[in-house]
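Starting from the given sequences, assemble the full structure and let the hints guide the process.
As you go down the protein sequences, you meet chains A and B in turn. Read in order, the letters of the first sequence correspond to residues 1 to 271 in our numbering. Read in order, the letters of the second sequence correspond to residues 1 to 336 in our numbering.
Just so you know, these hints were derived from the structure itself, not from any lab. All values derive from a computational prediction rather than experimental measurement. All residues carry an ideal CB built from backbone N, CA and C; glycine is no exception. Take the hints with a grain of salt, since some may be wrong.
Cβ-to-Cβ under 8 Å is the rule here; a few derived chain B residues that face chain A [as the list claims (entries may be wrong)]:
1) D220
2) A221
3) T223
4) G225
5) D227
6) M230
7) G233
8) G277
9) H278
10) R279
SDA-like, lysine to any residue: derived pairs with alpha carbons at most 20 Å apart [as the list claims (entries may be wrong)]:
11) B:K237 to B:G225
12) B:K237 to B:A140
13) B:K237 to B:Y139
14) B:K237 to A:H67
15) B:K237 to A:P53
16) B:K237 to A:A66
17) B:K237 to B:S214
18) B:K237 to A:V107
19) B:K237 to A:E73
20) B:K237 to B:T148
21) B:K237 to A:G72
22) B:K237 to A:A70
23) B:K237 to A:L51
24) B:K237 to A:L69
25) B:K237 to A:E68
26) B:K237 to A:Q52
27) B:K237 to A:R71
28) B:K237 to B:E226
29) B:K237 to B:L141
30) B:K237 to A:L54
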Amino acid sequence: MRIEAINATVRFGGYSALTGVDCAVRSGEMVGLIGPNGAGKTTLMRVLADLQPLQAGEARYDGRRAHELARGELARRVAFLAQGGEATWPLRVDHLVALGRLPHRRVFSGPSAADRAAVEAALRSADVAHLRARTLGALSGGERARALLARALAVQAEMLLADEPVAALDPLHQLSAMALLRSVARGGAGVVAVLHDLTLAVRFCDRLIVLAGGRVVADGPPSALTDAVLSAAYGVDVVRGEHRGEPFIVPWAASAPSPGAGKPAPDPAGP
Amino acid sequence: MSGARARAPAAWPLAAALGGLALAATFASLLVGYVHLDVVAALGDVAHGRPSLAALVLVQLRLPRAALGCAVGFSLGLTGAAMQGLLRNPLADPGVVGVSGGAALGAVVVFYSGLAGAFSLALPLGGVAGALVATLALYALVGRGAGTMTLILAGVTINSFAGALTALALNLSSNPYAAYEIMFWLMGSLADRSLPQLWLALPLMLVGWGLLLSSAPALDALTLGEDTAMSLGFDLKRLRLTLVAGSALAVGGAVAVTGAIGFVGLVVPHLLRPLVGHRPGRLLLVSGLGGAIALLVADIAVRLLPIHPELKLGVVTALIGAPFLLLLIDRLRREA
Chain A
1 MRIEAINATV RFGGYSALTG VDCAVRSGEM VGLIGPNGAG KTTLMRVLAD
51 LQPLQAGEAR YDGRRAHELA RGELARRVAF LAQGGEATWP LRVDHLVALG
101 RLPHRRVFSG PSAADRAAVE AALRSADVAH LRARTLGALS GGERARALLA
151 RALAVQAEML LADEPVAALD PLHQLSAMAL LRSVARGGAG VVAVLHDLTL
201 AVRFCDRLIV LAGGRVVADG PPSALTDAVL SAAYGVDVVR GEHRGEPFIV
251 PWAASAPSPG AGKPAPDPAG P
Chain B
1 MSGARARAPA AWPLAAALGG LALAATFASL LVGYVHLDVV AALGDVAHGR
51 PSLAALVLVQ LRLPRAALGC AVGFSLGLTG AAMQGLLRNP LADPGVVGVS
101 GGAALGAVVV FYSGLAGAFS LALPLGGVAG ALVATLALYA LVGRGAGTMT
151 LILAGVTINS FAGALTALAL NLSSNPYAAY EIMFWLMGSL ADRSLPQLWL
201 ALPLMLVGWG LLLSSAPALD ALTLGEDTAM SLGFDLKRLR LTLVAGSALA
251 VGGAVAVTGA IGFVGLVVPH LLRPLVGHRP GRLLLVSGLG GAIALLVADI
301 AVRLLPIHPE LKLGVVTALI GAPFLLLLID RLRREA
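Shown next as structure tokens:
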């Protein structure tokens with residue numbers, strides 16, 4: 001599957017969250033969406049998931065618009081993991097993960113064997129199988145994030161749009177979650193993940209899209225994430241290195257101010 | 001609804017048990033009354049078409065009361081659970097979208113205009129009309145795609161406006177007996193209801209139940225917020241319209257016949273929620289059955305209590321419900 005945003009433009013009141021954004025993501029690749037707070041990352045994710053009304057432009061799914069797809073097709077083919085999700089009611093983790101199978105259900109019918117297998121696989125992949133009988137409120141922030149990731153994995157979609165899937169995780173689980181997302185991509189699905197950790201972004205992603213001020217400022221392989229791009233987007237200077245042949249990037253200090261780019265602003269889409 | 005049968009086998013026995021209890025409570029309600037009645041003999045008379053006094057009491061007095069108790073209780077419990085699921089707020093009650101206030105006002109207008117005495121269905125018809133007007137007012141707002149917060153605010157506004165107009169009717173009432181009757185009707189009761197009233201309200205309630213129960217998967221999905229529910233393929237605008245229509249039919253039909261009966265729709269979902277693993281979709285049917293049991297038991301209690309004139313049902317449910325809700329709140333606070 002291929003999802004395109006074409007000239008995506010979103011305004012909240014007088015504030016432009018996205019201005020003429022063009023980008024495309026496809027199955028089989030792992031894309032990192034990075035950029036400073038307020039760059040429009042969450043808004044772009046919502047555009048790709050067909051959750052965001054646009055002032056101009058559109059999202060296309062294999063060339064078609066969302067309303068041209070069969071009912072429920074988009075929900076089966078595209079999974080969306082919201083940023084910092086919360087559950088209203090204290091559901092058990094396995095019941096919560098099973099919600100990911102709702103797009104595959106027929107009306108008034110129970111879960112199929114495939115549904116149950118998908119839930120089990122998702123629980124194991126996100127390392128929350130041992131927490132299945134706990135409620136979300138009885139989990140730590142990181143465990144909660146993994147349970148919610150399992151919910152999105154349970155959809156078994158062709159495209160997984162994950163908004164900050166590793167932000168709350170400890171270092172070990174950050175690494176395992178990124179490896180998991182990459183294995184999802186290697187398995188043939190597309191993954192788009194909003195990330196803040198530059199090292200995780202360059203190590204695990206096939207491609208990085210850098211947003212700043214509601215515009216795409218870079219789109220390419222991790223090697224395209226140059227010091228100039230980082231300085232323009234984030235306003236930071238970084239320290240780079242290599243360990244066992246893999247790059248790492250550590251933000252070090254604010255770079256000398258450059259006009260226009262990387263202006264900090266509150267994230268208009270909110271949490 | 002049958003969502004997770006294989007993973008949580010406990011839920012269907014729960015619904016079956018509550019269904020059995022609701023049936024038993026309905027039958028118990030037939031047994032209770034102010035005149036002695038051999039229910040078995042009366043049932044025999046009814047079955048054989050013998051027009052005995054016992055058969056008359058059973059069909060004209062006991063049956064409407066028991067059946068309405070069951071149906072109205074089911075409506076209140078089901079709608080309460082649905083509204084709490086939609087608004088993702090445990091304090092929502094069946095009347096939160098304004099239909100119960102509208103239905104009460106409609107009935108009061110009928111009282112006030114003196115139409116109530118004209119024909120026996122004037123009162124419930126007025127109630128249904130009031131619920132309809134309130135619903136249309138609400139649709140005028142949410143139909144344009146307003147969000148859940150707008151829905152709550154509109155509901156609160158409609159409820160308080162209907163309340164103000166009801167008070168105005170009482171205030172302007174030149175006939176103290178009419179005012180007295182209005183006040184008593186507003187307290188809610190199942191006494192002296194007739195079969196035609198049942199036939200008027202039941203079809204409305206049945207359609208409402210269907211709409212509410214069909215929303216179970218969407219309410220489950222809504223547990224994780226509106227974005228996630230939409231990404232799972234649920235149209236939230238349609239969900240809101242479906243639930244508003246369902247609650248208008250279920251609660252509007254109920255209030256039109258019985259007057260406002262509080263706390264059942266608020267307390268019953270709270271009480272049963274832990275038994276279904278807090279899943280809002282699963283809660284719907286179970287909460288409806290629980291509401292039927294609660295209302296029938298309360299209605300049996302008002303007839304068994306040696307207090308005359310009989311206590312109003314709405315008064316009893318509030319008297320029991322309010323302290324009960326306090327206990328639940330206390331428990332929630334401890335768990336938090």
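Results for each hint:
1. Of the supplied interface hints, the one on B:D220 holds, with its beta-carbon coming within about 6 Å of a beta-carbon of chain A, less than 8 Å.
2. For B:A221, the interface hint holds, since its Cβ comes within 8 Å of a Cβ in chain A; the closest pair sits about 6 Å apart.
3. The beta carbon of B:T223 is positioned within 8 Å of a beta carbon in chain A (closest approach about 5 Å), and the interface hint is therefore held.
4. Residue-level restraint check for B:G225 holds (minimum Cβ-Cβ distance to chain A is 6 Å; threshold 8 Å).
5. Taking 8 Å as the C-beta cut-off, the interface hint given for B:D227 holds, the closest approach to chain A being about 5 Å.
6. Checking B:M230 against chain A: minimum C-beta separation of about 5 Å stays under 8 Å; hint holds.
7. Proximity of B:G233 to chain A holds as hinted, the smallest CB-CB distance being about 3 Å (cut-off 8 Å).
8. The beta carbon of B:G277 is positioned within 8 Å of a beta carbon in chain A (closest approach about 6 Å), and the interface hint is therefore held.
9. Checking B:H278 against chain A by beta carbon gives a least distance of about 4 Å; that is within 8 Å, so the hint holds.
10. Checking B:R279 against chain A: minimum C-beta separation of about 6 Å stays under 8 Å; hint holds.
11. At most 20 Å may separate the alpha-carbon atoms for a hinted pair to count; B:K237 and B:G225 meet this at roughly 14 Å.
12. A hinted pair counts as satisfied when its Cα atoms are at most 20 Å apart, and B:K237 with B:A140 qualifies at roughly 13 Å.
13. For the given pair, B:K237 sits about 11 Å from B:Y139 by alpha-carbon distance, which is consistent with the 20 Å threshold.
14. Between B:K237 and A:H67 the CA atoms are separated by roughly 15 Å; this keeps the pair inside 20 Å, and the hint holds.
15. About 14 Å separates the Cα atoms of B:K237 and A:P53, which keeps this hinted pair within 20 Å; it holds.
16. Distance check on the hinted pair: B:K237 and A:A66 sit about 17 Å apart at the alpha-carbon level, within 20 Å; holds.
17. A distance of roughly 15 Å separates the Cα atoms of B:K237 and B:S214; the hinted pair therefore holds under the 20 Å criterion.
18. Of the pairs offered as hints, the one joining B:K237 and A:V107 holds, with about 19 Å between alpha carbons and a cut-off of 20 Å not exceeded.
19. Restraint check for B:K237 and A:E73: satisfied, since their Cα atoms lie roughly 19 Å apart, inside the 20 Å limit.
20. Distance check on the hinted pair: B:K237 and B:T148 sit about 9 Å apart at the alpha-carbon level, within 20 Å; holds.
21. About 15 Å separates the Cα atoms of B:K237 and A:G72, which keeps this hinted pair within 20 Å; it holds.
22. A hinted pair counts as satisfied when its Cα atoms are at most 20 Å apart, and B:K237 with A:A70 qualifies at roughly 18 Å.
23. Using a Cα cut-off of 20 Å, the hinted pair B:K237 and A:L51 holds, with the two alpha carbons roughly 13 Å apart.
24. Of the supplied pair hints, the one linking B:K237 and A:L69 holds, its CA atoms being roughly 19 Å apart against a limit of 20 Å.
25. With a C-alpha separation of about 19 Å, the suggested pair B:K237 and A:E68 falls inside the 20 Å cut-off, and the hint holds.
26. For the suggested pair B:K237 and A:Q52, the alpha carbons sit about 14 Å apart, so the restraint of at most 20 Å is met.
27. Only pairs whose Cα atoms come within 20 Å are accepted, and B:K237 paired with A:R71 is accepted, the gap being roughly 15 Å.
28. For the hint linking B:K237 to B:E226, the alpha-carbon distance of about 11 Å falls within 20 Å, and the restraint holds.
29. Restraint check for B:K237 and B:L141: satisfied, since their Cα atoms lie roughly 12 Å apart, inside the 20 Å limit.
30. At most 20 Å may separate the alpha-carbon atoms for a hinted pair to count; B:K237 and A:L54 meet this at roughly 18 Å.
Violated hints for the displayed structure: none, as all numbered hints are satisfied.
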